[in-house]
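Numbering of the sequence shown is given in our numbering, commencing with residue 4 and proceeding in unit increments.
One should not assume that every hint holds.
[To be verified] Here are the simulated EDC-like pairs of lysine to aspartate or glutamate, each with C-alpha atoms no more than 16 angstroms apart in a straight line:
{"no.": "1", "residue 1": "LYS38", "residue 2": "ASP197"}
{"no.": "2", "residue 1": "LYS134", "residue 2": "GLU90"}
{"no.": "3", "residue 1": "LYS134", "residue 2": "ASP158"}
{"no.": "4", "residue 1": "LYS185", "residue 2": "ASP125"}
{"no.": "5", "residue 1": "LYS185", "residue 2": "ASP128"}
{"no.": "6", "residue 1": "LYS138", "residue 2": "ASP106"}
{"no.": "7", "residue 1": "LYS185", "residue 2": "ASP197"}
[Claimed, not checked] Restraint ranges, calculated between C-beta atoms of paired labels, are given here:
{"no.": "8", "residue 1": "SER246", "residue 2": "ARG174", "range": "24 to 32 angstroms"}
{"no.": "9", "residue 1": "HIS127", "residue 2": "ASP19", "range": "30 to 38 angstroms"}
{"no.": "10", "residue 1": "GLU82", "residue 2": "GLU107", "range": "31 to 39 angstroms"}
{"no.": "11", "residue 1": "PRO157", "residue 2": "GLN108", "range": "23 to 31 angstroms"}
Since the hints were derived computationally from the structure, they do not count as laboratory data.
Quick caveat, the model's predicted, so the values are computed rather than measured.
C-beta atoms are modelled at their ideal positions from N, C-alpha and C, and glycine is treated no differently.
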Amino acid sequence: MTETSYIIKGGDSGADRLRILGEATWPSTERLLNKLHISSGMHSLDFGCGGGDVSVKLAQLVGPSGSVTGIDMDSTVLERARGLALENNVSVEFLEKHCEEFDEQNRYDVAYARFILSHLTDPHDALRRMKESVKPGGWVVAEDIDIASHLYYPDNEAVARYVNIYEESARYRGADPNIGPKLVSIFVEGGIRDPEVNVVMPTFRAGPGKSIARITLRNIADTAIEAGITTREEVDDLLEELSRFEADPTSIISTAQIIQVWGRRPT
């Protein structure tokens with residue numbers, strides 16, 4: 004991934020969004036990690052770690068006899084991740100590194116990536132790097148989205164337009180915002196053994212999770228405007244309408260459908 008292939012604003016604004024997204028999706032991620040029986044002494048990689056919420060949880064699972072490495076290209080987000088690790092009294096090695104620069108071999112027991120492959124221009128190469136980073140028999144795990152699959156009620160033109168803007172912006176940068184359903188195929192083509200799949204769709208009637216669409220639109224606006232997909236005036240109107248939608252106690256909205264895939268590097 005280059006800096007220009009990631010459509011969502013970084014820095015403090017991006018870190019705030021990642022925190023809300025992480026809290027909203029953690030229950031389903033926790034269930035996934037529990038299936039892998041990650042335990043004390045294991046060595047884990049968080050590939051595109053963002054604000055470090057999963058890195059910290061992994062560190063709690065592997066304990067002081069294990070290790071966790073988190074990589075991300077956003078220095079501001081990584082500073083927050085380091086602070087989160089300190090608050091939770093765990094040790095995580097956070098590295099400022101582009102995904103395509105990562106080149107560890109046979110080091111980890113599990114390599115995990117959440118919401119990063121959909122931002123890459125070459126997700127197959129990223130998965131290859133993840134596979135090569137784990138020991139033979141190690142886990143390769145990915146969670147990613149199908150942006151077109153949002154569930155919401157009642158019908159709302161602002162939500163529909165947000166989804167459209169996100170999809171067009173990602174494709175403008177050469178990424179695939181609907182990669183989720185393709186993950187099993189990418190795993191098989193990448194030589195990962197016996198991948199399993201699960202689908203989740205966290206849905207909200209209230210609380211911070213209900214604001215993810217609005218916050219994400221705000222953070223992709225610069226990319227979308229640069230691409231000629233929308234205008235500042237339209238974005239402002241959409242943000243107002245999304246705020247009204249959130250405030251409606253009868254409305255619901257999900258994240259994009261999240262596809263979870265996991266398999267092992269052949270021995």
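A quick look at each hint next to the structure:
Using a Cα cut-off of 16 angstroms, the hinted pair LYS38 and ASP197 holds, with the two alpha carbons roughly 15 angstroms apart. In summary, the hint linking LYS134 to GLU90 is not supported, as the alpha carbons are separated by about 31 angstroms, beyond the 16 angstroms threshold. Taking the CA atoms of LYS134 and ASP158, the gap is about 41 angstroms. The hint is violated against a cut of 16 angstroms. The hinted pair formed by LYS185 and ASP125 meets the criterion: a straight-line CA distance of about 13 angstroms does not exceed 16 angstroms.
For the given pair, LYS185 sits about 15 angstroms from ASP128 by alpha-carbon distance, which is consistent with the 16 angstroms threshold. For the proposed pair LYS138 and ASP106, the alpha carbon gap of about 13 angstroms is at most 16 angstroms, so the pair holds. Among the hinted pairs, LYS185 with ASP197 is consistent with the structure: their alpha-carbon atoms are about 15 angstroms apart, no more than 16 angstroms. Remark: the range hint 24 to 32 angstroms for SER246 to ARG174 is upheld by a beta-carbon distance near 27 angstroms.
Taking 30 to 38 angstroms as the suggested C-beta distance range, the pair HIS127 and ASP19 conforms, at roughly 31 angstroms. Checked against the given bound of 31 to 39 angstroms, the beta carbons of GLU82 and GLU107, roughly 23 angstroms apart, lie outside it. Checked against the hint of 23 to 31 angstroms, the C-beta distance between PRO157 and GLN108 comes to roughly 52 angstroms, which is inconsistent with it.
When the structure is compared with the earlier hints, violations turn up for hints 2, 3, 10, 11 and for no others.
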